[in-house]
Amino acid sequence: MVVAVNDTVTVTDLALAAYERALEPKRLQLLAGGHFDPYTTQFDQSSAAALAWFQGPLPT
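Heads up: the sequence shown begins at 3 in our numbering, then just goes up one per residue.
I should point out that these hints are in silico values taken from the structure, not numbers from a laboratory.
It is possible that part of the hints are untrue.
To be verified - Estimated spans, in silico, between C-beta atoms of each pair:
| hint | residue 1 | residue 2 | range |
| --- | --- | --- | --- |
| 1 | Pro59 | Thr10 | 33 to 43 Å |
| 2 | Thr10 | Pro61 | 32 to 42 Å |
| 3 | Leu60 | Thr10 | 33 to 43 Å |
| 4 | Ala54 | Leu18 | 14 to 24 Å |
Only a predicted model underlies this, so the values are computations on that prediction, with no experimental measurement involved.
Note that the Cβ used here is the ideal one computed from N, Cα and C, for glycine as well.
All chains should be built: construct the whole structure from the sequences, respecting the hints.
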């Protein structure tokens, strides 16, 4: 899950609470900035986190 720590559209606290409730396997990537920053100014970091997740081993 990629979460922007200053997101006011998808409120950060609610996103982190959802992550805590999620079952394994799970991975959290926190990014500075607001809602659109993972798509604009921090796309390299957010897309690298997503790519790493999809390239990882599948749970058995």
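Practice prompt. Sort out which numbered hints this structure fails and list those numbers smallest first.
Written response: Per hint list: zero violations.
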